Structure formats: structure tokens, C-alpha cells
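There are 2 protein chains.
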Amino acid sequence: MKKKQSANMKDVAALSQVSIATVSRFLNNDLSRMSEETAKRVKDAIDKLNYVPNSAARQMVTKSSKMIAVVVANIDDYFSTELFKGISSILESTGYIGVLFDTDTNQKREIQLMDSVNSQSFDGLIFQPLTSDMSLIENEIRREIPIVIVDREIELSPWPQVITNNYEAARNAMLKFQTKGYKHVIILSSEINIASTRRERYQGIKSVANNVDVIEISEKSHNHKDIHKEIVSLIKKSDEKTLIFAIKERWLLEFIPGLMTDGYIDDMNVTATGFSDTDLARAIEPKAELIEQNPFLMGASSAEVMMDLLNDDDAKKIPSKLIIPAKLK
Amino acid sequence: MKKKQSANMKDVAALSQVSIATVSRFLNNDLSRMSEETAKRVKDAIDKLNYVPNSAARQMVTKSSKMIAVVVANIDDYFSTELFKGISSILESTGYIGVLFDTDTNQKREIQLMDSVNSQSFDGLIFQPLTSDMSLIENEIRREIPIVIVDREIELSPWPQVITNNYEAARNAMLKFQTKGYKHVIILSSEINIASTRRERYQGIKSVANNVDVIEISEKSHNHKDIHKEIVSLIKKSDEKTLIFAIKERWLLEFIPGLMTDGYIDDMNVTATGFSDTDLARAIEPKAELIEQNPFLMGASSAEVMMDLLNDDDAKKIPSKLIIPAKLK
Chain A
1 MKKKQSANMK DVAALSQVSI ATVSRFLNND LSRMSEETAK RVKDAIDKLN
51 YVPNSAARQM VTKSSKMIAV VVANIDDYFS TELFKGISSI LESTGYIGVL
101 FDTDTNQKRE IQLMDSVNSQ SFDGLIFQPL TSDMSLIENE IRREIPIVIV
151 DREIELSPWP QVITNNYEAA RNAMLKFQTK GYKHVIILSS EINIASTRRE
201 RYQGIKSVAN NVDVIEISEK SHNHKDIHKE IVSLIKKSDE KTLIFAIKER
251 WLLEFIPGLM TDGYIDDMNV TATGFSDTDL ARAIEPKAEL IEQNPFLMGA
301 SSAEVMMDLL NDDDAKKIPS KLIIPAKLK
Chain B
1 MKKKQSANMK DVAALSQVSI ATVSRFLNND LSRMSEETAK RVKDAIDKLN
51 YVPNSAARQM VTKSSKMIAV VVANIDDYFS TELFKGISSI LESTGYIGVL
101 FDTDTNQKRE IQLMDSVNSQ SFDGLIFQPL TSDMSLIENE IRREIPIVIV
151 DREIELSPWP QVITNNYEAA RNAMLKFQTK GYKHVIILSS EINIASTRRE
201 RYQGIKSVAN NVDVIEISEK SHNHKDIHKE IVSLIKKSDE KTLIFAIKER
251 WLLEFIPGLM TDGYIDDMNV TATGFSDTDL ARAIEPKAEL IEQNPFLMGA
301 SSAEVMMDLL NDDDAKKIPS KLIIPAKLK
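So the sequences go chain by chain: A and B.
Counting in the UniProt record's numbering, the first sequence runs from 1 upward without gaps.
Counting in the UniProt record's numbering, the second sequence runs from 1 upward without gaps.
I should point out that these hints are in silico values taken from the structure, not numbers from a laboratory.
Small disclaimer: the values here were computed from a predicted structure and weren't measured.
Note that CB positions come from ideal geometry on N, CA and C, so glycine has one too.
Please note that a few of the clues may not be correct.
As the list claims (entries may be wrong) - Below, computed lysine-lysine pairings styled on DSSO-like, alpha-carbon distance capped at 27 Å:
#1 A:225 <-> B:85
#2 B:220 <-> A:85
#3 B:48 <-> A:108
#4 B:327 <-> A:225
#5 A:176 <-> A:329
#6 A:43 <-> B:43
#7 B:220 <-> A:287
#8 A:241 <-> A:176
#9 A:327 <-> B:48
#10 B:220 <-> A:327
#11 B:220 <-> B:176
#12 A:183 <-> A:236
#13 A:329 <-> B:229
#14 B:66 <-> A:108
#15 A:225 <-> B:287
#16 A:229 <-> A:287
#17 A:229 <-> B:329
#18 B:225 <-> A:329
#19 A:108 <-> B:43
#20 B:85 <-> A:108
#21 A:220 <-> B:85
#22 B:287 <-> A:229
#23 A:287 <-> B:287
#24 B:220 <-> A:329
#25 B:287 <-> A:236
#26 A:327 <-> A:183
#27 A:66 <-> B:66
#28 B:327 <-> A:66
#29 B:40 <-> A:108
Said to hold, decoys possible - Output of the computed footprint for chain B on chain A, the stretches with three or more beta carbons under 8 Å from beta carbons of chain B:
#30 111-118
#31 135-141
#32 195-209
#33 257-266
#34 272-286
Unchecked claim - Residues of chain A placed beyond 10 Å of chain B at every Cβ, according to the derived structure:
#35 21
#36 37
#37 41
#38 43
#39 81
#40 94
Next up, chain A with everything else stripped away, as it sits in the complex:
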């Protein structure tokens, strides 16, 4: 496909009767040294000539693309998409754009994506890493751009982190259900060990409950019927009251409705809870007590931290860790 021969900065300057420097300042949103009237003339000329600034050339000058790279674990989870919605809500108001990279819960792919983030001119990176392995992450991140880590906690992170209180939230919920007599727990999770969030939630539950069954479900491929059967048989085998505890919303959404319609969840001997990232889970289980996270707020907060980093060279006031608590409701 051939590129159109398009107008250049000189043409815009000529038509709007200003210097190229003025056009350049206009393109870089530096309107301090020109009148509104001049700015309007330049804008009209750009529209008239259908001029598209060459971002490559522009970036050489401004070193700014006004784009923030957002690398998330898996856009099949509402957590990741709501996180991005929250980030965008803040970026929008500041003239920045969030662009989303999806790791698809694949470590190889995360490395590939970070390569391309490193080699492109993004102004910042908001990163929900798959791993908490600092050495691995340090290897992935080569660029000296502002970075905010979100959701997955990293030991000794040199970057600000926005996380939730996974251990406490899971422990407190478990304590509450235990006082209601739920002693047997069936945990629904993806592979627990790869994500700090799941490890902490699992440990929070284990710190209270002794009779715990765990079903780890593959995000890539799993047989819904088989998992359903496995849950049912675990319910039946137990002579204690059973709590089904989804430490990932997706499994709450996928398995609880079926168990409800089949009558296994009577909220007497068997009930369900889990971490919930959206109103959808609430809508499907109106009666259930759920641990509500706020990924939208977590996203908005990490975008605010990013803005502070971008606007403040030595970033004094930036908190190293921001905790957005999840609550049982």
C-alpha cells in the first residue's frame, strides 16, 4: 500500500504564516508563547493540509509519545480490563493515552511484549507482572522510564507498587465463615504458585481453616463438566459444612451458577464466596457474601502515581506502596 505524499511542517508554517518553531511548539502542546489566534491559525492549516505530524521525527525532538504502556496478565479476567479502565480514566484527563498489552498468562509472551515496550517510545509503563521474581523482571525492564507495578507484589521493588491486601482479606473472610460453621473449604484457583496474589489468598485461608481441598484450574484449557463433577464429589464426601472459595473471579463466574441451578448451593450446608472484581459476580450471586476488590480504583491510583512520576523529577512524595483494601460485603 503506497503512502500518500503528505504535507510537512514547512507547508503548515507557510500556510499559517508562522515560523516552523511555532508549529513545532504547537505540535508539542507548548502554547505558552503563542496567542490563541496563532494557535487557531496553525490548527486550521493542519486540518486544511490534512497534515499528520511524523511521530518518529517528533519524538526525536520531544522524547514524548504521550502514550503509557499498560502490560496486564490476562484480558480474559475482568480484573485486568477494569484495571485498564481505571488507568484510562485518569490518563484521558491528562492528555495521555493508555495502550494495552496482554500477556495472556504466558511468561514467554510477557518477555516478548516487554522487548517491544523497551524499544518503543512510551513515556511510562504500568505493569501487572506474572511473576514476582525480581531478577526476572529486572531483566525484562531495560528502559529508564517511569514504572508502576500493580496487583502482583514484588519483594524489594525499586518501583512504586499499587496492591491489595490479599492475605488479610482472605483470612478475615475465612474467619467470618468459620464462625458460621463452615469448616470444610474447596478452593477454586488458577495455578497458585505463579502469582503472589493467589499465594497470599491461599495462605490467608490456610491460616484459619484445616480441612481444605484445592482445585487448580488451567486458564488455557479445562473441561468445565469435569471440574463441576470434581466440586460436587468434594461437596458430597464432606460431613462438615462446605465453603466454596473462589480466589479468582473467573472461576466464581464459571462454576457457581451451575452449582446453584443444580441445587448444590443451599446457603445452609454449602455456600460460596470469592474475590470479585466487578458487579457481574454480584449480579449473578445477589445473596452471596463476596470479597470485593476494586481494580478500577487500583488502576486509577497507579495512573495517578505515574502522573506524579512523570511530573516530578526526583519523585519525593511518591509512596513506595499503595494498598487498596478488598472487603467482604
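For this one, chain A is given, so just place chain B on it according to the hints.
This is chain B only, laid out in the frame that chain A set:
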């Protein structure tokens, strides 16, 4: 945040004892004119110096960022996220990266995003537009890059389109349920008129059924309880067998489980169907007959068309319209 003084191409050339031209060819993946051994020397030098190629400078040379912009309607819908998963599955294998822009079902935002796509160096654009208004879209798209339109059909589109058979799929499903005696239909949809897909599905249903109630649900904010009540009262007021027809998966996921657990959906006098984009809907309604779309395949197909456009200057063999049919299952 200050940028580290980083190595440049000259340093890499010196350390690897090759010409700058060779380093440049290496960076542009043009390995035809160097030995494996040379390529390895350059790679080692890049790693040793922790050299990050300046993409801006590089893009001046290669005019390629190896990034494809993907602008979708709303990542809260599995349709949009599965679409992107399908696109990425193809791009990955070709060394391209898909970057996701979320319109958040907001026309103003779509225009803002397209501005930034226009001014950045993307190699191509895969676009799920909110509107089917060609004049509006022509205004948004300024860059002469390869473009593929997906999901929302545009009249007289100058760009290849990958769509589904919305009218036929909805009509055929409605015919099938009518023969089973379902004469009263409650349509659950977002605002119908803004999206060609919904218009076509609505018309497909209307072409068969006469007794049709429509509930348009706001994607931005709606009261779940009120909508639930509205559906129930429409079920009760009808003396004919009622079909609840969700022409958007999100409303199927949000409202059908509640109606099932409250016993309104008995699959005798009241049943539910809808367009489904994922296995999740199937998992929640194992017994329901759903119209299965294949957004993953639609994404993969649009990425394949994009690759053809990128690899073939006059793009002869490219189909102007590719239809991925949805089927009642």
C-alpha cells in the same frame, strides 16, 4: 526521572567490530547479508552494553514499528477481548505485536484514540468501529496504513471487512424457537441503533416475531435489580410462551442466571437464548441453545488479512468482505 546516558549504535559497532550499517541491518532483522557468527557478535555487544535502539531514530529508517494498533469497542465485552486474543495469536507468529486501544463505547474517546493512532508509527490498524457512519470514520482515519474493519459492517467500505451473519443468525434462531411455540420475545440489548450488529440482529428477530418487547440497557450505568424486575413483569404479563433473547452476551451473563435461580426460566413456558462469544455463557447455561459467535476466529482472520495487506503492495487477492457465520448450538 533522568534518562541514563546509554550506549549508541557506534559503541555497538565498535565492540562487535562491524560497521554501523551492519548493526543497523541487525536491528532491522535484515540478517541476509551477515553470518550467524556476526549476528551473534552484534547481539552480544547489544546485551553487554545494554543498548536500547532508539525506536524513533530506527523508525525514520525502517518506517516500521512492528506494532499493529487494534481499536475495539469495549474490553468489558468478551467479544472485544477474544477478538484481540485471536488477532494476537496470528501476529505473534509473524513477529508483530498487537496493541489494544479501548473505545469504552464512547464516540468522543474513539476519535481521541484514532488521533493518537494517526500520529504514532503503527504498521497497521484493525478497527472495530462504534459507528457505521462512513463519513465519520473517514474523518477519523488520516493515515495511509493498511486497515481492516471487523465486526461492525460499513456500507461501501474501502477497507476489507471481517464480519458475522447477524441478520441470518438471529432470524434462523427466532424461526427455530417459534416452531417450538415461543411467540413472545423479550430482547435484551444495549442501545440498538448505534451498532450495525445490533440493528441487524433486531431486524432478524422482527422479521419473524410480532410480539416483541425490547429492553435497552445502558452499558455505562444501569440498576441490575430494576432490569431484573422489568424482565419478570414482562414475563408475567404475557399469556404466550416467552423467549428471552439477549442480542449481547454481557446481558445474557448478567441477567439469565438470576432468572434461572429464581425459577422464572423453566424451559417450558419461558426460555432464554442469545448471542454468545465465549464458553462462559455455555458454562452458565449448559442446557440453553445459544447463537455461538467466534470472535477469536474473527480476530485471527482479520490479522491474516492484515498480514496479506502488509506483505502485498497492491493486495489483489484480499477479499473485500469475510463472513464468519454464527450458529445456533
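Hints that the structure is at odds with (numbers, increasing): 6, 9, 11, 28, 31, 32, 39
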